[in-house]
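Chemist: Take the given structure of chain Y and dock chain D to it, following the hints.
2 protein chains.
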Amino acid sequence: MTRLRFNISMSLDGFVAGPNQSEENPLGEGGMQLHEWVVELEAWRRPHGEEGGKVNASTEVVEESLENVGATVMGRNMFGGEGPWGDDPWGGWWGDEPPFHMPVFIVTHHAREPVTKEGGTTFTFVTDGIESALEQAREAAAGKDVALGGGANVAQQYLKAGLIDEMQLHVVPVLLGAGARLFNNLEGAEIALECTRVVAAPGVTHLKYRVGK
Amino acid sequence: MTRLRFNISMSLDGFVAGPNQSEENPLGEGGMQLHEWVVELEAWRRPHGEEGGKVNASTEVVEESLENVGATVMGRNMFGGEGPWGDDPWGGWWGDEPPFHMPVFIVTHHAREPVTKEGGTTFTFVTDGIESALEQAREAAAGKDVALGGGANVAQQYLKAGLIDEMQLHVVPVLLGAGARLFNNLEGAEIALECTRVVAAPGVTHLKYRVGK
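So the protein sequences, as listed, match chains Y and D.
Heads up, the first sequence is in this note's numbering, so the first residue is 1 and it goes up one at a time.
Heads up, the second sequence is in this note's numbering, so the first residue is 1 and it goes up one at a time.
Do not rely on the hints blindly, as some may be mistaken.
Chain copies aren't distinguished; within one or between two, either way the pair holds.
[Unchecked claim] Straight-line distance between alpha carbons at most 30 Å, and here's what the computed DSSO-like set of lysine-lysine pairs gives:
(1) LYS54 to LYS208
(2) LYS144 to LYS208
(3) LYS54 to LYS213
(4) LYS160 to LYS144
(5) LYS213 to LYS144
(6) LYS117 to LYS213
Think of the hints as simulated: they come from the structure by calculation, not from any bench.
Extracted from the complex, chain Y is given alone in its bound form (with noise of 0.2 Å):
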């Protein structure tokens, strides 16, 4: 059975992103920093293209996160922009050759063909909301997991429907103070959660969970 995992870097004070986020700073101010134990890695910098980094106990979470990996779900916030996509849409964030190298779906209110980048990354515009999305990359991971991406808006969306298997937290310590907050809009929501495992590692805390209705 084909699962949706979420791996999300957060800091301790529940944020996913920075305030003030813009195209100059996707990840708003301060933001970078959740993600400075990731770009470091080897694990990381290879499926990106690049050589060398480090090899620690972050490593094998990594590596995990990539396998049997089919498809990728994620909100418009992570692609980039916002509000109809105008004659000439903007790309996203991704650059020509984005890292995903698979069919990624994105929520959007705002209709758009499919774009085709280089490197088997495809997206794919989803206007009739999250279920929809994830029955389609169900489909094209073809037996394979699904992730979803983030943000923070559509993963509440996906917690609250009940539709996640399985969170992963990287937990880096840090307190931004104000950004965007994963844990939200979760009011009256029915989840059941249980740690399968904990791993410390520099710079980071990886926290995952079984995740139930």
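Modeler: Just chain D now, kept in the frame of chain Y:
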């Protein structure tokens, strides 16, 4: 040097008490879930005068948190009640023999004579701020450390002022969705954290941090 140590149970979504706290339900709706891991422990039951209980990976964490503590500071909300005390002030949530067995200093806007309880607990009410309460607690601790009891509001004040030396979060895998957020009102605070220990235990994950300015 006397250190200020802060231990607190927190839901995965960052709440240290549920919504709608009241005299009948001091932990708020669902808040008791944050403490289930500890109240079943022998290491917690013994100092509370109760027999039996479990021994597991949380045991040494709890025992350590109680060791070498000579005084406690806490907020008014954690003592109980709100507003002026009146002529016949309420004794608070802690009963005739509170589990502290040490001097406790309560940060409040409302003056009140000290109260002596059975078993060595004294409650002293401090109206001139968090620094004064900490100073008085340090003196009373006579060389031992001071424990910060909570709740969220006074913890935020101590954190923002850079007065906490060590913080340990007991992260419980539940989503309360609402209540008292521990990490709030911290925008602009410059707080350095270093994770010094991670302990995975039944029903809880203990994350310990060294806190600096």
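Chemist: It remains to establish, for every hint, whether it holds in the given structure.
Modeler: Checked hints:
no. : hint             : verdict
1   : LYS54 to LYS208  : both (22 Å within a copy, 25 Å between copies)
2   : LYS144 to LYS208 : within (19 Å within a copy, 37 Å between copies)
3   : LYS54 to LYS213  : between (38 Å within a copy, 28 Å between copies)
4   : LYS160 to LYS144 : within (23 Å within a copy, 46 Å between copies)
5   : LYS213 to LYS144 : within (22 Å within a copy, 46 Å between copies)
6   : LYS117 to LYS213 : neither (36 Å within a copy, 45 Å between copies)
When held up to the earlier numbered hints, the structure conflicts with hint 6 and nothing else.
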